[in-house]
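*Asks:* Now for the letters of each chain:
Number of protein chains: 2
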Amino acid sequence: MTLIVHKYGGTSIGSIERINAVADKIAKAKQCGDDIVVVVSAMSGETNRLLALAKDANPNPSPREMDVLLSTGEQVTIALLAMALAKRRCPARSYTGGQVHILTDSTHTKARIVAIDDKNIHQDLKQGRVVVVAGFQGVDESGNITTLGRGGSDTTAVALAAALHADECQIYTDVDGVYTTDPRVVPEARRLDFMTYEEMLEMASLGAKVLQIRSVEFASKYQVPLRVLSSFEHGQGTLITAEDERVEKPLISGIAFNRDEAKLTILGVPDLPGIASNILAVVAESNIEVDMIIQNVGQDATTDFTFTVHRNDYDKALALLQKKASELGAREVNGDNKIVKVSVIGVGMKSHAGVAAMAFKALSDEGINIRMISTSEIKISVVVDEKYCELAVRALHSAFNLEVEVQEAVRES
Amino acid sequence: MTLIVHKYGGTSIGSIERINAVADKIAKAKQCGDDIVVVVSAMSGETNRLLALAKDANPNPSPREMDVLLSTGEQVTIALLAMALAKRRCPARSYTGGQVHILTDSTHTKARIVAIDDKNIHQDLKQGRVVVVAGFQGVDESGNITTLGRGGSDTTAVALAAALHADECQIYTDVDGVYTTDPRVVPEARRLDFMTYEEMLEMASLGAKVLQIRSVEFASKYQVPLRVLSSFEHGQGTLITAEDERVEKPLISGIAFNRDEAKLTILGVPDLPGIASNILAVVAESNIEVDMIIQNVGQDATTDFTFTVHRNDYDKALALLQKKASELGAREVNGDNKIVKVSVIGVGMKSHAGVAAMAFKALSDEGINIRMISTSEIKISVVVDEKYCELAVRALHSAFNLEVEVQEAVRES
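Chains as they are written, first to last, in the numbering used here: chain A, 1 to 413; chain B, 1 to 413.
Hints are computed from structural coordinates only; laboratory data are not their basis. Treat the hints with care, as some may be off.
[Said to hold, decoys possible] One-sided and incomplete, this derived list gives chain A residues near chain B with beta-carbon spacing under 10 Å:
id : residue
1  : M1
2  : L3
3  : D56
4  : N60
5  : S62
6  : V76
7  : I78
8  : M83
9  : A84
10 : S94
11 : T96
No experiment lies behind these values; they were computed from the predicted model shown. Glycine included, C-beta positions come from ideal geometry on N, C-alpha and C.
Please take these sequences and the hints and turn them into a complete structure.
*Replies:* See below:
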């Protein structure tokens, strides 16, 4: 018997019509013989409605009570979906996080799952029932309701799949898979049939908002096969696993980009040991997260130091840096919040030289000046002026031939 | 230390403004030194919104899933109220029925409370917290969410007051107490300061929709002092206890009326043993509830048999009765759904003769023909034509001098 965990997000179940459509889909899969556990989010709009109510009751509400409030969103959906399934002669039973029971730590609004009791679920599956579980929520040891934070339903689904040793965890969403890049920027972008957890993590953290990073980490840790697919259309979606099942591994899987960053540079800092941490400490103390960091040797025993922060933190970080610069006797501080980070991602990169050179040439051919470079084992990120964003993404997508399947590309060459 | 259980219904907390007003009221009571446990319903409109969603998912939903769905209504309110209290520097903690834990039987949508665990609540009260509990809901032994049925929040409040040995259970509502009759019919109707459980039960079951019957029965069984008062205005409300604390017991406490009934009569039935149950069985089998029943001896060893049902069941009951009549060889069947039942209620009646005579004279003085009469220890009910409803209520209200306090009435006489 194949056991599949389905997960449907807020858009997929945003109305009664959508809930009924999802019930049709599940009932059909059940008829095909799968054992099915379904994880659902709150109906889209519901969480924002509840947040607005909370804000009017108390602009600074206790996290414990926020969790009591927000967890009702998924509870409504599990009941409605179980009802809709029953109407299709598909026996179903709903469970809140507490009922499963999904034990978490006590960090309200961003709790972490500690353990899952799969007894009830196994019993229901044995009796031929579809089990419908509220995503995003659990209980702590004292029985307090907790939530896992936004996007936590993905994590619930993966954690349940791991606990139940499910054959696959299927994340149904409003896109039909993971693409080589954003199709709104590159119309030739192609859906990937396969990719690895590592690649997905880079894609997710770099701005491709398909899956929550935490759920991919979780899937990777417990080796849960993860499939991203559309809840609106038929299709195989994208299967994400540890071992790439492709015979011909593609060099590059995709191009990600992120417009939310800003760049800051401090020039002519005395090049002394500890200078980097000295500069970053002042930023970190203000709870500003730093992404890329680059240090170059300058002239006259000084150094130039550049880093990127979220664009919302730009003004604050610039003020901090200017203060620090005068302390350190640096020559100059400058910054730019009109930048974009573009990344070339692929596990194939590990075993192929020359990817960086190919990427840089593609950008240079279009006259795009690279402002920063940062690399890891499976990615190359460059910072360029924001106005070049689409051009850079298209140039890289085309340079690596991403619009065609790798096998075809090999045959053609 | 005085421990008070407050209960606020849907209208009292129908908006964020109302929730904030209720929080003000509770914070003030807390400052006065009371220990407070608050029971709340769903915000008005919420239950109907959820019912509409359920209907679209499945016109015949499973009671278990209905309870999962509907119980979210109160869960939203407890969180919002706890937040609003915290904003007023009044520490508070919310509990769902399952968290308290309120153990019920497994009769979904109309479960009965079996036991209440007061450990958590006592601990919170000791730490100076207001405890906010979701009304209307509990869990069964298997951890399934149950609900007590409409109006169940009153029952939760009384049951909690009993379990915690509270000094009083205060039911806040949109009226400022129990009146001698409906003030919309008799402008001189007077709020009662005191009444007994027995009187309240008669008032509630006869159409004065202030309190749920079950909660009054519960209060009576566990001797919980119950106070009905306004959540919108200040005032002492009406205190309901077992022993009437009034020195001068009034003869009559109030006049109730019910426009929801219809009357059916079968005439000229052979007067044989078992004939009454024979006739009523056919009605009961169709799940039609019967209220008043009257049998009179007729002519020629036949009998006339009259009973009342809910007006919605009138057509169905009439058809059943006509079929039965021909079986039994009865002379005639007739009915009337333009009737009203008017009741005179008061514990004082027990020790005073002549109340019935006074009531009948008051009606007769107004030319109102009495169609049926039924009496109990503390009430006299009459059925009259619907058109006389207001006139009958006013005549009785005035005949028993209900517009003035009994003490004054005694002094005047």
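*Asks:* I'd like to know which numbered hints this structure contradicts. Please list them from smallest to largest.
*Replies:* 1 and 2
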